[in-house]
Structures are given as structure tokens and as C-alpha cells.
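Whenever a hint applies, use it, and build me the whole structure from the sequences.
Order-wise, the sequence lines are chains A and B.
If you count the first sequence from 1, position 91 lands on 633 in the working numbering, and the numbers rise without skipping.
If you count the second sequence from 1, position 64 lands on 65 in the working numbering, and the numbers rise without skipping.
The reader is advised that the hints may include incorrect statements.
Stated by the list, open to error - Simulated restraints, written as ranges between beta carbons of each label pair:
1) B:D123 / A:D916: 40 to 50 Å
2) A:S657 / B:A30: 42 to 52 Å
3) B:T42 / A:G859: 20 to 30 Å
4) B:D123 / A:E807: 43 to 53 Å
5) B:R59 / A:K863: 36 to 46 Å
6) B:E113 / A:D808: 31 to 41 Å
7) B:G16 / A:G859: 23 to 33 Å
8) B:D40 / A:V732: 34 to 44 Å
9) A:E824 / B:P61: 18 to 28 Å
10) B:A86 / A:G611: 49 to 59 Å
11) A:D857 / B:D123: 49 to 59 Å
12) B:L27 / A:E712: 17 to 27 Å
Note that these hints are calculated values from the structure, not bench results.
Heads up, the beta-carbon is just placed ideally off N, CA and C, and yes, glycines get one too.
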Amino acid sequence: MEPADYIILTCEKPHMDRVAVIGASMTQFGQRDAWIRELLSEAGEGCLADAGVAPDDVEHLYVSNMASGEFEGQTGVPNALAHDLGAVPAYTQRIDQTSSSGGAGIYAAWQSVASGASDMTLLVGGEKMTHRTTAEATDVIASLTHPAEYKHGVTLPSFAGLTARRYLHEYDAPRESLAKVAVKNHKNGVDNPHAQFQKEVDLETVMESPIIADPLRLYDFCPITDGSAALMLCPESVAEEYADDYAVITGIGGATDTHVVHEREDPTVMGGVVESSEEAYEMAGIGPDDLDVAELHDMFTILEFLQMEGLGIADQGDAWKAIEDGRTKRDGELPVNTSGGLKSKGHPLGASGVAQGYEIYKQVIGDAGPRQVDADVGLACNVGGFGNCVITTIMEEAQ
Amino acid sequence: MSDEPRLEAQRYADGTVSCPSHPRGLSGAEQTGTVDLTDRTAEVITWTTSTATPPGVREPNTLAIVEFDVDGESVRVLGQIATDADVEIGDTVEPVYADELREPGAGIREPESQDWDGFRFDPV
Numbered sequence: 543m544e545p546a547d548y549i550i551l552t553c554e555k556p557h558m559d560r561v562a563v564i565g566a567s568m569t570q571f572g573q574r575d576a577w578i579r580e581l582l583s584e585a586g587e588g589c590l591a592d593a594g595v596a597p598d599d600v601e602h603l604y605v606s607n608m609a610s611g612e613f614e615g616q617t618g619v620p621n622a623l624a625h626d627l628g629a630v631p632a633y634t635q636r637i638d639q640t641s642s643s644g645g646a647g648i649y650a651a652w653q654s655v656a657s658g659a660s661d662m663t664l665l666v667g668g669e670k671m672t673h674r675t676t677a678e679a680t681d682v683i684a685s686l687t688h689p690a691e692y693k694h695g696v697t698l699p700s701f702a703g704l705t706a707r708r709y710l711h712e713y714d715a716p717r718e719s720l721a722k723v724a725v726k727n728h729k730n731g732v733d734n735p736h737a738q739f740q741k742e743v744d745l746e747t748v749m750e751s752p753i754i755a756d757p758l759r760l761y762d763f764c765p766i767t768d769g770s771a772a773l774m775l776c777p778e779s780v781a782e783e784y785a786d787d788y789a790v791i792t793g794i795g796g797a798t799d800t801h802v803v804h805e806r807e808d809p810t811v812m813g814g815v816v817e818s819s820e821e822a823y824e825m826a827g828i829g830p831d832d833l834d835v836a837e838l839h840d841m842f843t844i845l846e847f848l849q850m851e852g853l854g855i856a857d858q859g860d861a862w863k864a865i866e867d868g869r870t871k872r873d874g875e876l877p878v879n880t881s882g883g884l885k886s887k888g889h890p891l892g893a894s895g896v897a898q899g900y901e902i903y904k905q906v907i908g909d910a911g912p913r914q915v916d917a918d919v920g921l922a923c924n925v926g927g928f929g930n931c932v933i934t935t936i937m938e939e940a941q
Numbered sequence: 002m003s004d005e006p007r008l009e010a011q012r013y014a015d016g017t018v019s020c021p022s023h024p025r026g027l028s029g030a031e032q033t034g035t036v037d038l039t040d041r042t043a044e045v046i047t048w049t050t051s052t053a054t055p056p057g058v059r060e061p062n063t064l065a066i067v068e069f070d071v072d073g074e075s076v077r078v079l080g081q082i083a084t085d086a087d088v089e090i091g092d093t094v095e096p097v098y099a100d101e102l103r104e105p106g107a108g109i110r111e112p113e114s115q116d117w118d119g120f121r122f123d124p125v
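Laid out in C-alpha cells, this is it:
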């Protein structure tokens, strides 16, 4: 068989060195008066200032956003942001991967620099949601489901309830262990000035809050949130011109699981977490024992357990024991969600994965203020749908 | 052939079965035929009662993932539990047809883009 004709697409720039993160910003998360364009601009401007990069030095501009069209009737947000920041004629692209749009944005921004296509890439993630009722916002998010699921009135919280019940049943875990995730992450959020809730909750409050998706209660769920976050990425050789302290993305991986959630072999295993983390660990040349800090996608308390197990931080069925033992507290063996997580910080869909990156960046460069832990290596795991799409990112302090 | 609504699962060339149907199985295998689950029973794998439901959905909405055994192959299906019924993990249930599971057009999805009838599960 004759080989097919092909062409080689060449890039002007040679293959680059490691990809650095040289700046980050995030807006106040919560109920905001600002609309999507204003939220994105606020984080974008903040990131340009933090990195010391001029707008016209930005070559690629990525916007992580799930549903500005559905929520607000505003589409074309990357181009709008390029104009508002004075970054025209930067190449722009919108990244929608539902709740993991932010992590997918980090992957796209990393690719843009690692491939040599861009020497300065700005990633901004954002979502405007709180002007919608809870029922409307829930329905926009649930629109990612298969028609066979959607017609039964399935929501992402109901997937969490179904999974939590199976997890508690299969692994004989106490219901209180899930509540302790909420207590821990709210406690961490007190020291995050950008968090939607900077307030502790106690176990009794969580356990007595209204049922939302039995056995899960109100405090097992993250709130509906407006907000935006941003990261600036460039080759490490360029980073040195801008910053003394910067982070390097040493590992990144992305994966999917089934669209139809009930078709997974084991409802308590998130295959996308397993696959994406294996890829990220291999690229970084490390394993879960090398992590100093982790930001996990605790949209629902049960997700913190499923990700800890998928990431190899805990054995299958054992993550609940880690919270009982205090191993994931800020002063524990492996602090998880020092930012307060989605649970306390809030979950503006497209911003959340970027905000996870913000926290890990701050931790590894030693700029996390009262939330600071002893961290050289950090991991962020951003989950879309109910584990349908997952991005795992590993950042390390630049040596 | 009867026009009665059926709860159908899809068989693939690699022996797997799924409900709903996909153009190919998870391993990429082609479709080979369907299996009628309508008159079979299934076991409840897990369930939840959702109290914060989207527009056009009953409140509360009890949902379950149930498992059928098709020639030794596990086939899981998600569906509403019949109104006013209680279930526990391990219970046996049977499909019961409902001509409208949620109100078309009340939510964000285009009413014409999908079917709105289907099968709930009722304890046996």
C-alpha cells in the first residue's frame, strides 16, 4: 500500500522549554453585580498587573466559560475580552468543558506554550450565574446530561446523592465523614479573602441542614457563584525576564469517562480522575506520595473522596478514613483544598479550575498568606459533569 | 408487532449491552440487536430523593440506578421511582410506563429534541 501524501505544518518558533506560570489573579467570588464581560476583564487586568505583562505582549488569550450564552445571552466572550484588555490582535479561543472548563483552559494554555505557538498566553476563566434562580441554574448545568437522563429530571446534585448512598453502603463509611469534608473546607475558606463563604460551619449544622439529594444535605453542596480567575503562562526562559518566583507545570493530563453516568462499571470510581492523573504523574515523574498540597473539585463532598481515591492519595474505599484522621486538614499530612475548595470558595463554573490553579500557584511560590502550607509540589483536579471530563495539573516551584 | 412502549437495551458485537443505546459500544463494537427489558425485573443499586428539582420536574423526585441481568451481562438503567413508592438498595423493581416524565419545554432543552415518555420503576 502506497503511503498517503501528507504535508508538514511547521511552527516559526522552535520547541520550547518547560511551561511556567508567572502571574495569577482572581476576583471576589460570590454574588456580584458585574456581568460576564466585566468579571473576565477584572481577573484579566489583575493577572496582567500581577505578572507585569503588557496587554500587547499577550499572544494567545483563552477564556474558560461553560455557558455565558445560556446564562446571560452573551456569546463571543474571548474576542470581547481581547478588546476590553487591549490585547488585540491576540489569538483567542473559548474553552467549554462544563465544570472542568477551567482545567481544560490550563491544558489549552499549556499546549499553546509547550508547542511553541505562543510566548505569552493569558488564561481567564469566569461565569456569571447568580442572577438565575437555583432551579434555572441547576437546569443549565443538567443540560450536559444524556436525553435518557435529562427526561427523568436528573441533576448533578442527584448524581451526587446516588453515588454517596452507594459509597456509604459499599465501604461502611459513616455519614458524618462527608459532613467533615464540608467542615474542613469551610474552615480553610475563612482565610481566603476571595471566598464566597468566609465562615466556619460545625458538624451539627451540616448534619441538620435540609436534605437536597438524600443522603446529602445543603452543606454537602457548593453554592451558585459569580467570579473569575486568571493565570499567565509562558516558556520558562521567558519567565525569568518577568519573575524571580514562578511555578512550572510539570505534569498535566486530561481524560473522559462515560457520558451516561450509570453505565460506569463501578459507580464509586471516577475513571477520568484515574486516567488523567496517571498521565500527569508520568509527565511530572512523581507519584501521589510526592504531593505537598492538593486542590480537589469538591462541588459535592462525596467528590473529594472519589478524587482522593482516583488520584491514589487514598486506597479505594478508604478516603473517608483520611478525613476522620485529619490527614487532609491544613496542618495534616496532605492538605486538601486549602483555598476552601468549591464548597466554601464558590463554583463559578468556568472559573473554578483556573482558581484551583491560582491556589496551587500561590502555594508553591510561597505567597498563600495565612493559608500557606509547606509546599513545593501541588496538584489540582478539575472535574466536569459528574466525572465525565477531568483535568489533572501538577505544578512545582521553579528550581 | 405491538405498538406498546418498550424499555429497550442495545446489544453490541462484543457481547455488552447498554441502555440507552449508542451508535457503538464502549469498546467501539458495532450494534447487533436489541433486548426488551419491559417485562423483566431489576435490582436497585442505589437511589436518592432530590428535593431541588429543575423546572418541569416533580418535587420531590426519587431516582434510582437499577441493574438488569441479561444472560449474565449487567445492564444498568437510571429512572424515576414510581410516585409515593419507597425503595432500598437490593430491592426488586419492575418498569412501569409513564407518558410524560417531566414537562417538555419547561426546562432549557428544546422540546422537539428528545422524547419525554419512558419507564419509571415500581417495587415488586
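Evaluated hints:
At about 56 Å, the CB distance of D123 of chain B to D916 of chain A disagrees with the hint of 40 to 50 Å. The hint said 42 to 52 Å for the Cβ distance between S657 of chain A and A30 of chain B, and at roughly 35 Å that hint is violated. For T42 of chain B and G859 of chain A, the Cβ-Cβ distance of about 29 Å falls inside the hinted range of 20 to 30 Å, so the restraint holds. Hint check: D123 of chain B to E807 of chain A, Cβ distance near 27 Å, so the stated range 43 to 53 Å is violated.
For R59 of chain B paired with K863 of chain A, a C-beta distance near 38 Å keeps the hint of 36 to 46 Å intact. For E113 of chain B paired with D808 of chain A, a C-beta distance near 36 Å keeps the hint of 31 to 41 Å intact. About 29 Å separates the C-beta atoms of G16 of chain B and G859 of chain A, a value consistent with the hinted range of 23 to 33 Å. The beta-carbon spacing between D40 of chain B and V732 of chain A, approximately 57 Å, falls outside the hinted interval of 34 to 44 Å.
As the Cβ distance of E824 of chain A to P61 of chain B is approximately 45 Å, the hint placing it in 18 to 28 Å is violated. Between A86 of chain B and G611 of chain A the CB atoms are about 39 Å apart, so this pair departs from the stated range of 49 to 59 Å. Checked against the hint of 49 to 59 Å, the pair D857 of chain A and D123 of chain B fails, with Cβ atoms roughly 38 Å apart. One distance hint, 17 to 27 Å for the beta-carbon pair L27 of chain B and E712 of chain A, holds here, with the actual separation near 22 Å.
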